[in-house]
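Both chains are given apart, each in its own frame, so use the hints to dock them into the complex.
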Amino acid sequence: MTDSAAVKKEISKNISRISLDGAGYVDARFYQDDSSETILLYDGDLEANDTTVESGIGVRVLWGGAWGFAATSDLSSLRSCFDKALLNAKTASELVKVPLFMGDRDPITGSYSSPVAVDPFTVSLEDKLGFLTRLDADLVDDFILKRIVYANFQKKKIHFQNSDGSEINKDLVNVFGMMMVMSLDSDGEMQRRSMSLYSTGDGTSGWKMITEPVLFAEHSSRIKSELKGLIKADTLEYGRKSVILLPGQGHLQVHETIGHPLELDRILGYELSYAGGSFVNLDSFGKLRYGSDKLFASSYGGILNSPGSFGYDDDGTPERDYLLIDRGILVNALTSRAMVNEANEKAKREVFSQSGGVARATSFYRAPIDRMTNVNILPGDDGSLEDIISSTEDGIVVDNPVSWSIGSNREHFHFGCEIAWEVKNGEKTRILRNPTYQGHTLEFYNSLSAVGDKSTWRVELVDNCGKGEPNQVMQIGHGVPVVKFDDVIIGERK
Amino acid sequence: MLDANIRKILMEVRDQAASEGIQATLALHHEKSHLMRIGNSSISLNTSEDLTRLDIEVTDGRKQASQTFLGMIEETETIRNVLDKAVEKAKAAAPKTYDPIPDEVEESVYEEIQYDEALANLDPGVKADAYREIFSKLGDNFNYSGSWSSGSVEVCMITTANRNEVYHRGTDQLFTVVLKHPGKKWELINTQTGWRASDFSVEKTLKELGRLIPVYEKNPGFKVEPGEYTVIFGSDAVSEIANLSVFTGFMGRGWEEKQSWTSQNKPGDEVLGKNITLSDDPFNPQTFMFGFDMSGRKRKHFPLIENGVLMNLMYDSSTAARYGREPTGHDTRSMGIVMNTGDGFECPLEAVRDMGRVLYIPALHYMNLPSRSKGIFTGSSRFNALLIEDGKMVSPIFSTRITDSFQNVLGNVSVISSVSESVNGSNTYGRRMPVAISVPSYIVAEGVKITDSADSF
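Sequences listed follow chains A and B, in order. With the first letter of the first sequence counted as 1, position 125 gets the number 125 in the working numbering; the numbers rise by one all the way through. Going from the second sequence to the working numbering is simple: count from 1 and add 1000.
These aren't lab readings, by the way, just hints derived from the structure by calculation. Glycine included, each C-beta is placed from N, C-alpha and C at the ideal position. Misleading hints may appear alongside valid ones.
[Stated by the list, open to error] Computed spacing ranges between beta-carbons, pair by pair: (1) A:D141 - B:C1347: 53 to 63 Å; (2) B:R1211 - A:R493: 30 to 40 Å; (3) A:E237 - B:S1136: 54 to 64 Å; (4) A:R349 - B:N1005: 22 to 32 Å; (5) B:K1207 - A:K348: 35 to 45 Å; (6) B:D1354 - A:E237: 37 to 47 Å; (7) B:E1104 - A:G110: 28 to 38 Å.
The shape of chain B in the complex, shown without the other chains (with noise of 0.2 Å):
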């Protein structure tokens, strides 16, 4: 529950501004934040954060300004002064060519529903645990690293609008565990990720990794010569792959510049395969569920793709002001993509058990966008990546570029799993925001291009 003062302060300034006729929207975003971070099978970073932003933006008009405070917040005075300073810059603003939609809580909104005590406030003893339980278990033939980050958010939203507000508090982790072969190089990763403490379990690990060692262990790499091949991928490079697609592809604003690999169709046309549907959907618990946007909207479920059909577009408040748009509730840090499971096996391994020769890719590094009009990304291979044969693990893979499109990957896809795993795409640039897509565990795509290969891992 947010701090009683700090709203009973917030509310007092929000009433002075609405009796002033200040158009404003106040938000407050507190953090606390740990991570233990894990480098040559030591712990090397410890860190916890403790820290309160508040957020002001200003309307006048059509002129807007917004400004950001990251200090103490105890008195009036300060969310005043914060206030002032965006109403001064509001005032010297230029003009839009347009009118802004004013931010409005459009009702009342309290949840908590994946708030966990016992992850909020976890011990760090408990990850330095885990860990090395997990070194022990495995053995010292290995190099760890890793990081383990764990944290609550609050996020509490008033507007000038109306005395409606809006809070939100969750809890969120992800467990990050590499291995590295100090000979062979070669490195593993397992992750688990969750917004509740007993959502990690170190048996998940070893059960993972214990899986893999003994195939990279004992065979040598594969180089893979650039061509067409049937991938698996896994939910990491399934993730990546839809969410990028959805950024690059579904968003009204690259739509409407022509940006978009998108731009040439239109809501109704096919763009994928007939076999994907995705959505953004705040209900999914295998997302980190925000039931609302920053500009005060309820969040529903919204189809994108259904059986590869473009069915709607995602405008934040801006882009929607700008071109003519309803908002569609996507003024937002954490999206929650979905991507729907199909009929596969639960194991990959018997899903491409009569395709003969397949990659496995389970994750793609540094990908990005050569061509976002023409949908081309490109990204390359690196942890827990394998040649398979017949269904059967036969060797890992060195490191190995793939350079295609959205539509081709997505429109060539013969078998998607019937399992939907989370995949956490939270980063911790600035603050703490949890997302996560909730994804099949694999799919199988025809056709993939494979572009560039290395000598090792």
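So here's chain A without its partners, still in its complex pose (with noise of 0.2 Å):
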């Protein structure tokens, strides 16, 4: 069977035939592309020149408080991979504590596009490496050991079915992009400057996305500058500073110390035997104090032009807008439907109002989980990057990550940068090599003090977020300002 109008048709008469069964809720993914291109240059060569299609469906069917999940690129055996999942979530109900349910949900006929003004897989591959190749040409210099220029362009066409009724399509393209140098320092030591394709937040992403100078390739020269100067750097001592992060790492920060904790399948235990738990628990809503006064920090589906926006998650909740830190204090979570209900009931009383939309699958064949959509910190009121420094006594500014290490319920953490700049008496004055910084994550959001204005704030996007057994990588995004936390250890101990 390979007419998708069947293949639906088909769908809908196996969610009715299942849910007449007895199943509390189904639903069913079609993909009938999911495609992806990486092409990647090293030192000039093409080294990298794959595409990847992948196509089928993935059923889900929720039986007596339990979740079974059956997969296949056979379209033609739909019948046997709804029987499948029923077969599996019967036998998982078999020992079920803690029964999971759907709710009730009207149902909802909805699409969403990612906004594109040019599909990147219509730009033949000649046009491709034909940027690539000049991009890459502006990071050639003498003193330059390693090229790296890589870009990544996703397309999946899905169509989404579930027994409440809904049916939504979708089709998302994903674009993304880096570029990195390499050379060695004093020590013999590889050091690198790189920089990643960002968003604004609104345009199209696609191919005109990437080829948009500001976002990307106006930044070559600036990393040769900055790469030249770190290795004659000093290394970063250890101590105790003010850390103003750049949002190419504040964005990973947020990542992993906002983003993580707040799933609510962590927070409730189900991410335990891989990824971790969470230091934050139900009776945590509305009194925790995160951080300081100056931290707002939202789940927003909706950023116009994000790998993190996608109308509908895999519940068939559209897409929400909401704080998970007001002012400080944790407010929300970052919750799907069935999630939602189980905290609810083992809390006794309503802790979440409704799903967050944050239910994600990454491919056909594994089941949607708890994930990030685009987790932001607020721009807050403290000026530009200049006016952030200009109030910095004594303090490094960092950029880009090369490491970073979390503790497995996220309260504490390990970061490693590319770059750090020293900051004295409101000046930045010279580049400092190796820095690393770490903390704790309640005392180190409590001593945010600067939070820049909206010129500051950018989209990083996130293709590599792992989480989820079997395992899952996922695309996001996260708008960040500059950021300053306070007395913060950093370097490392002799």
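Printed below as a string of structure tokens:
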């Protein structure tokens, strides 16, 4: 069966059949096309010229409070895929202490398309290579030992149906880009500077985005110049200082220490055997001082141009914009339908009023789990980067992650960055190499002392967030301004 | 055995391509995967996937492209379409500045020495029963979570260079149970791995957790202040450290490009302690034995470190071509890293009986590398970590961060267990590809740098 209309009809019939059998909920995601193209230039050589094309269906059945899931590429065996998911759910229902339920929901009919001016899959390989090769040429310099230019284009055409009667079609396009230069420092250690394609939260994704100079290509000369300074720089010494995070680093801080600990499945203990838990519990909401008064964090699935925007999640919930942290107080989590119901039952009160629309699966052959959409820090009123530097007595500015290691409950962290600039008495002075900083999440966010304004805010794109069993890689975005934290441990003890 | 029709149509397309002068590698990956996930003492997800992937790589002089297809593969036309797309992309590609080394299956290989029909077809009900028994015997004072992944993988590869074919079929499983104390918040874990259904037993889990639960229940958490400590690393932690040291120290590309912590050394130099020996050994049954790599080369025992001395570097075809080296059979996602055992007691507590206060850190969570060139890694303790005094388990320790170097930790090992363990390092991002590493059940390292700790588990 290759005719998509016939497949959709067959899905509908099977959802009705399994529902009539007594399933609490059934859904199916039909990936008509899930394509990814990766191009990697390494010192100008085309080292990766890879395309992956996937198609198939994933079926989820809730029976007796437990999930069964099955997936297949063989569309001629749709019925048996539904039967397998049902059988898996029935087996799972034999060991249920906390039954899951999705709750009643009015049917939704909808569609979502990423805003795309030029579909990257319509651009020829020659044109793509022409653009990327020119970018690579811009990175060439005598002192540079290694150059990397990377682009990844993704396209997903997904049809969703569930037993609520909802039918949703999604056409998602994501584009990622990265360039990096490397050189040896005076100790023979390889240093690097990189720049990833970012979004302003508007405009269009697709080919036009990666070719927009301000978002990507025009940063080539800056990273070269910074690398030149970096290889001659002193090493950052151990101590306690203010740390100013540029968005290239700040987005990962937010991702790891606001995003993940606020995923409700982690809070409820569903990730303990792999990704870990969370220091947050159900009593924390409305009470826990997560950060200083300057901290406002949101989950916004509707940023116009971000891989964390997808219209409707894989429970059929429309995207939402809501605060997670309001003036430093934790007020909400990243939630999906079943997790909200379980949390409210467990707490014996309404902790969460509705799903946050974060149930997502990476492909047709994985079941949805709670994933970040766009988890953001909202712009503040402390001005520009220059304003924040000028108000800093003793600190460092850091950019771009080299290393990240976070405690299993996200209670503490250690980050290594590509570059630091020393700040003394309100002036950015010298470059420092091998910068690291570490801290404990709540203490760290409570030391937030400055949040940059809209001029410093941008959406960083993440294409490699790993979570779940079976494992899933997800694409998301983080809108973050420049942020400053005080009295942070920097560098390594001797 | 590979489906006869798929094998037939694969060979047909190979023959067509060869006759047309196309230089191509065709690889088929078929997995049947099952995973049961546990959350809140319930089965939270029970999944099955049956997926077939076709990877075709085409080389056109110095130009290369690859095309992967995951979908229905039943007809010659499907495979031919994937090939044609790869051919078209290779034509449009930019030429490399060096000559790629063409894939060629050296000799036909058919291996299924680690295939177990019972595991391939394991009834999910068996898993449910095992978890039920564990929950019942350890009691309902805890919140249980975990997962049990099992399945089979078939890999078949042919090239247009000749009509040789390599085929691998194997099974693997990774069982995990985590129990968390709802009030005190500590977490204990037990894992089991293997390629046979019979490699798993409920009794092993009950015995291991039964040994640790009383220590955790009776004693409060201990906060480890930053400083240098003697640390017993359990097999999972040894595996993490050894594996990361291998991938950042002994891969040809990292070394050639001065990004490796061994880049300022050369083969023959002593880079780790004299009691450390590491190899890549596809014949070790504690690894998931892959006898060939995906360039068609037969894999063999490959010494990496012998008594602390760097012996060899691993070169995949692409790196070898780029730097004028010989490929070493490392175009693979399933290496068989082996760290040799020593002469330490079987029980780690015996080994540290005269060492006073030591930390037992069986696993490291979320390891990463602040400086790859210097071999500096960081990660934190998680499950089953203990304070040991005079060989006795004293109390659980709170989440504790280690930031140290491979050279320091693997250069100051005072005891190495005489018992080896297989540690499953598989992930299921994308395709199923089992990986395991064989390591001593523990090592004792002196002067390990603890750099931070939390007030909680």
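Hints violated by the structure (listed by number, smallest first): The structure breaks hints 4 and 7; every other hint is satisfied.
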